[in-house]
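**Q** Listed below, chain by chain, are the residues.
Protein chains: 4
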Amino acid sequence: MTSTTQAGPEGGSESGSGPLAGTSLDLNADVGESFGRWRLGDDAGLMPLLTSANIACGFHAGDPVSLLDACRGAVQNGVSIGAQVGYHDLVGFGRRFIDVAPEDLYADVLYQLGALDGLARTAGGRMRYVKPHGALYNAVVHHHGQADAVVRAVRDYDPTLAVLGLPGSVLLATASAAGLRTVSEAFADRAYAADGTLLARDRPGAVLTDPETVGTRVLQLVTEQRLVAADGTELHVVADSVCLHGDTPGAVALARSVRDRLTASGITLRAFATP
Amino acid sequence: MTSTTQAGPEGGSESGSGPLAGTSLDLNADVGESFGRWRLGDDAGLMPLLTSANIACGFHAGDPVSLLDACRGAVQNGVSIGAQVGYHDLVGFGRRFIDVAPEDLYADVLYQLGALDGLARTAGGRMRYVKPHGALYNAVVHHHGQADAVVRAVRDYDPTLAVLGLPGSVLLATASAAGLRTVSEAFADRAYAADGTLLARDRPGAVLTDPETVGTRVLQLVTEQRLVAADGTELHVVADSVCLHGDTPGAVALARSVRDRLTASGITLRAFATP
Amino acid sequence: MTSTTQAGPEGGSESGSGPLAGTSLDLNADVGESFGRWRLGDDAGLMPLLTSANIACGFHAGDPVSLLDACRGAVQNGVSIGAQVGYHDLVGFGRRFIDVAPEDLYADVLYQLGALDGLARTAGGRMRYVKPHGALYNAVVHHHGQADAVVRAVRDYDPTLAVLGLPGSVLLATASAAGLRTVSEAFADRAYAADGTLLARDRPGAVLTDPETVGTRVLQLVTEQRLVAADGTELHVVADSVCLHGDTPGAVALARSVRDRLTASGITLRAFATP
Amino acid sequence: MTSTTQAGPEGGSESGSGPLAGTSLDLNADVGESFGRWRLGDDAGLMPLLTSANIACGFHAGDPVSLLDACRGAVQNGVSIGAQVGYHDLVGFGRRFIDVAPEDLYADVLYQLGALDGLARTAGGRMRYVKPHGALYNAVVHHHGQADAVVRAVRDYDPTLAVLGLPGSVLLATASAAGLRTVSEAFADRAYAADGTLLARDRPGAVLTDPETVGTRVLQLVTEQRLVAADGTELHVVADSVCLHGDTPGAVALARSVRDRLTASGITLRAFATP
Numbered sequence: 000m001t002s003t004t005q006a007g008p009e010g011g012s013e014s015g016s017g018p019l020a021g022t023s024l025d026l027n028a029d030v031g032e033s034f035g036r037w038r039l040g041d042d043a044g045l046m047p048l049l050t051s052a053n054i055a056c057g058f059h060a061g062d063p064v065s066l067l068d069a070c071r072g073a074v075q076n077g078v079s080i081g082a083q084v085g086y087h088d089l090v091g092f093g094r095r096f097i098d099v100a101p102e103d104l105y106a107d108v109l110y111q112l113g114a115l116d117g118l119a120r121t122a123g124g125r126m127r128y129v130k131p132h133g134a135l136y137n138a139v140v141h142h143h144g145q146a147d148a149v150v151r152a153v154r155d156y157d158p159t160l161a162v163l164g165l166p167g168s169v170l171l172a173t174a175s176a177a178g179l180r181t182v183s184e185a186f187a188d189r190a191y192a193a194d195g196t197l198l199a200r201d202r203p204g205a206v207l208t209d210p211e212t213v214g215t216r217v218l219q220l221v222t223e224q225r226l227v228a229a230d231g232t233e234l235h236v237v238a239d240s241v242c243l244h245g246d247t248p249g250a251v252a253l254a255r256s257v258r259d260r261l262t263a264s265g266i267t268l269r270a271f272a273t274p
Numbered sequence: 000m001t002s003t004t005q006a007g008p009e010g011g012s013e014s015g016s017g018p019l020a021g022t023s024l025d026l027n028a029d030v031g032e033s034f035g036r037w038r039l040g041d042d043a044g045l046m047p048l049l050t051s052a053n054i055a056c057g058f059h060a061g062d063p064v065s066l067l068d069a070c071r072g073a074v075q076n077g078v079s080i081g082a083q084v085g086y087h088d089l090v091g092f093g094r095r096f097i098d099v100a101p102e103d104l105y106a107d108v109l110y111q112l113g114a115l116d117g118l119a120r121t122a123g124g125r126m127r128y129v130k131p132h133g134a135l136y137n138a139v140v141h142h143h144g145q146a147d148a149v150v151r152a153v154r155d156y157d158p159t160l161a162v163l164g165l166p167g168s169v170l171l172a173t174a175s176a177a178g179l180r181t182v183s184e185a186f187a188d189r190a191y192a193a194d195g196t197l198l199a200r201d202r203p204g205a206v207l208t209d210p211e212t213v214g215t216r217v218l219q220l221v222t223e224q225r226l227v228a229a230d231g232t233e234l235h236v237v238a239d240s241v242c243l244h245g246d247t248p249g250a251v252a253l254a255r256s257v258r259d260r261l262t263a264s265g266i267t268l269r270a271f272a273t274p
Numbered sequence: 000m001t002s003t004t005q006a007g008p009e010g011g012s013e014s015g016s017g018p019l020a021g022t023s024l025d026l027n028a029d030v031g032e033s034f035g036r037w038r039l040g041d042d043a044g045l046m047p048l049l050t051s052a053n054i055a056c057g058f059h060a061g062d063p064v065s066l067l068d069a070c071r072g073a074v075q076n077g078v079s080i081g082a083q084v085g086y087h088d089l090v091g092f093g094r095r096f097i098d099v100a101p102e103d104l105y106a107d108v109l110y111q112l113g114a115l116d117g118l119a120r121t122a123g124g125r126m127r128y129v130k131p132h133g134a135l136y137n138a139v140v141h142h143h144g145q146a147d148a149v150v151r152a153v154r155d156y157d158p159t160l161a162v163l164g165l166p167g168s169v170l171l172a173t174a175s176a177a178g179l180r181t182v183s184e185a186f187a188d189r190a191y192a193a194d195g196t197l198l199a200r201d202r203p204g205a206v207l208t209d210p211e212t213v214g215t216r217v218l219q220l221v222t223e224q225r226l227v228a229a230d231g232t233e234l235h236v237v238a239d240s241v242c243l244h245g246d247t248p249g250a251v252a253l254a255r256s257v258r259d260r261l262t263a264s265g266i267t268l269r270a271f272a273t274p
Numbered sequence: 000m001t002s003t004t005q006a007g008p009e010g011g012s013e014s015g016s017g018p019l020a021g022t023s024l025d026l027n028a029d030v031g032e033s034f035g036r037w038r039l040g041d042d043a044g045l046m047p048l049l050t051s052a053n054i055a056c057g058f059h060a061g062d063p064v065s066l067l068d069a070c071r072g073a074v075q076n077g078v079s080i081g082a083q084v085g086y087h088d089l090v091g092f093g094r095r096f097i098d099v100a101p102e103d104l105y106a107d108v109l110y111q112l113g114a115l116d117g118l119a120r121t122a123g124g125r126m127r128y129v130k131p132h133g134a135l136y137n138a139v140v141h142h143h144g145q146a147d148a149v150v151r152a153v154r155d156y157d158p159t160l161a162v163l164g165l166p167g168s169v170l171l172a173t174a175s176a177a178g179l180r181t182v183s184e185a186f187a188d189r190a191y192a193a194d195g196t197l198l199a200r201d202r203p204g205a206v207l208t209d210p211e212t213v214g215t216r217v218l219q220l221v222t223e224q225r226l227v228a229a230d231g232t233e234l235h236v237v238a239d240s241v242c243l244h245g246d247t248p249g250a251v252a253l254a255r256s257v258r259d260r261l262t263a264s265g266i267t268l269r270a271f272a273t274p
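Protein chains in written order, with numbering that gives the first Met the number 0: chain A, 0 to 274; chain B, 0 to 274; chain C, 0 to 274; chain D, 0 to 274.
If you are wondering where the hints come from, they were derived from the structure by calculation, not from laboratory data.
A virtual CB, placed ideally from N, CA and C, is assigned to each residue, including glycine.
Be a bit skeptical, because a hint or two may be false.
[Claimed, not checked] If you want the footprint, here are the derived chain A segments under chain C, 3+ residues with CB under 8 Å:
no., stretch
1, 87-101
2, 254-262
[Unchecked claim] Pairwise CB distance ranges (calculated):
no., chain 1, residue 1, chain 2, residue 2, range
3, D, A100, C, T232, 40 to 46 Å
4, A, Q219, D, E102, 44 to 50 Å
5, B, A205, C, H143, 22 to 28 Å
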């Protein structure tokens, strides 16, 4: 976290002036998740509020037209582009664990990185980081073989890419050991279990939708490195980025609430990687 | 066509010494067309005999592992890597016309180019040219909207890429007008109709499998710019490259026969684009 | 069209009492078009207003869970189940012509019919009719090879199935010649060209969304066999069924408006095939 | 196992006359595993040697044309048709575990059963049994949720269908408890671990390809209910059916060897379910 910002007119960053001036935070969300006739998420509404966009890569969501649109939107809004790589499972939206052999996953990730990077460059931007999606995100918290495959693909594709993931995950440890930059994130709109993992999506209260609550949680996270778990346990969480889910109902209102609360407190919203 | 060659020990090029010494020709074939459990073509056997490899990009054939293997094989053999972009139609192997809107096709081609280029670079090579596959290849002979979409995608992705296609096609005319390098090809193992197009695959005699016949045709093509159509008509064909189909029975034997006949006549086999 | 109705309590049919009492009409719409995480259309809202449900079969839309839900909804609402067979093209939503060989299309249609029929029977219903979707619907208006493939598949699967299509289409002529029952339809929410075909979707005014306008058009169609084309031409259209698009904005309001206008005029809404 | 045979003229059964006359065995193999341009297995060569054909259903392998061909081949050879249901994973050939929710798997299995049954009936046959494929086969040995989903789908689709699986598996226990007929099988061409499960495919010696060895193993299995594991352990295995893999190199020769050894010993090859 740094004390100065050089936000251009097309934004992606805002400086604050309160007591926390000098603190900065990244706000990331999943975009580009439509597929053909099926639309998902309000990318146009969300993009101006983000600093980093996790763009799908076509394996769990995102046809090429949607992905190109998302890349263009990110460039126009000065938002940093990340590749949200996932399992090859459209009907499951990448939310089901697949026991992919590491060598296959390595090639799958490379394929997705190249595809998105090409679209990003054609849109006038560059891919800056990688974040696994859905069940792959959860798997690489502990699955060494798959985490290693993702990390090797990122390093072999472009070792300047950052890896965004869960604090304490095998993924981030492996990426760090491989010399990659790692960025840890917390979830603004998801309830936590007492052990610091996310409450499963199908549990009651797992997805938070009240802008006030979400805004307060994020502020507490940034200022006190503290999150309250669903059972009341206080968790110590250090995160360089906060994630909002683009397909959560009212995602745009949540993002705006988070943004307003943070800037009102003097915290700068800024991408961890230059767009 | 040039008069000198700098073939390294790993090949992809051979100089000849006969009366045609100084003439060179590119030999291209489709590779990387396996998909998961399903194997197709003898890439390992074919690659050392080619100068250019049209590698599938995952839309009509080619899973990421097969594509990465093909890229590695091309690099090892000093073969030039081309992207064989196709319709998104695995079950049809890209051999059925799809009335894709140009804006969708533009994004589809960009996606495929980026994906293959990423794999090629990871394998230590670079994508050097683009060749449409199957029904897309046939469509862009005359379909302005789809030809224009392919050309714009190639130009926006990397204007140094060459475009390989049928002499006289709308594709090559459009690519040339867009400032792209164009390369025309003839088919070694396919019978021609009297109008210079290929005989449909399901017609008797459409696919040639005798190495002797194929070798002779190619030699005649290079030395006399002449091909005899299925009905006996003599066609004037100027081609910088000759295509062999990797999934034709006996493709390796055909490639060897073509290679032997050409080098015996002093013709150099050399990629049109530096690998 | 018949003069009596025996609507049971679970509906799908309502008798009227106005001057047109005794006239009946079928109201069909596309349902089951969601896919995994992606939802499309308001099946739950629409189903009680329909008499026939064109349920997707998984090739252009519809994962098995969505299809089973749609079958259950149809059974619960006493709505007749039809198979909406399409091209195998999820990303294109079946709206792009594919030049499928008739023998392949024959097997594709059989596969879809069996899949949907199994789900329908498990839900306690039966598949009663077949309606091609999207680009296949448009193709079989004139494409003899594809129309013939669809008809042969329907006949070989179950010759008691009805075929729903455009009046005057090759599909209905072929189906009739094969001894199948044919049902012709008009479109409530689409503008017509002067030649009786639909205005292309991307043309301004092609999709009608005003409930009042749509209701009036349908009433005029039923009572006068008349539709006014986009250019003002009066068309004579005889239809046993009227189609509403489930993914048209406000589809439920449109369906309700059509239903209200018809029943207020004494016209009975009734499925052409017993649910 | 029964003591008499009534092989009809349409075959699929042969009576023997040796000391084991009266003993019968089913011989099953996977067929219909081609996909579009990609061919796999020698269905035409294998079918006359089988008594039961596990036909893919399109989710892990098998396009509709290949499946229809396999159904026709089974009918022509008097072979019993079974549905080989699998995970929806073409690129993985259904050989990777997918953590599908039971309600999704239930619908997936129903969809596959209906699709194959429709093709089978159009070909003049009927689907008689269900066998999970690949990673699903392995999962339902122990995974209660997925086993239960498969069994409920089979029972709801057609409770006269038999379920073919591994002796001692959760699948067979669940199927039996649901009132379904169960059939247990042993593997002719795969090595066993000491605990009675199959040695993983990627282990050396896991796949047996010598016709003599395989023939001997099967004979020992039938006559002594005994199989020798890879480490020499003697296993007691009771099986009503023996499985050969259609994509094992030399599958046809293996099938012929097994057939010859069994019939020479007086054992009748007969489908467990009437074709």
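**Q** Each hint: holds or not?
**A** Structure-based check of all given hints:
1. 87-101: Per the Cβ count (5), the hint holds.
2. 254-262: Our answer is that it is violated, as 0 residues pass the Cβ test (under 8 Å) against chain C, missing three.
3. A100/D / T232/C: 40 to 46 Å: violated (53 Å)
4. Q219/A / E102/D: 44 to 50 Å: Because 37 Å falls outside the window, the suggested range is violated.
5. A205/B / H143/C: 22 to 28 Å: Because 24 Å falls inside the window, the suggested range holds.
Comparing the model with each earlier hint shows violations of hints 2, 3, 4; every other hint is respected.
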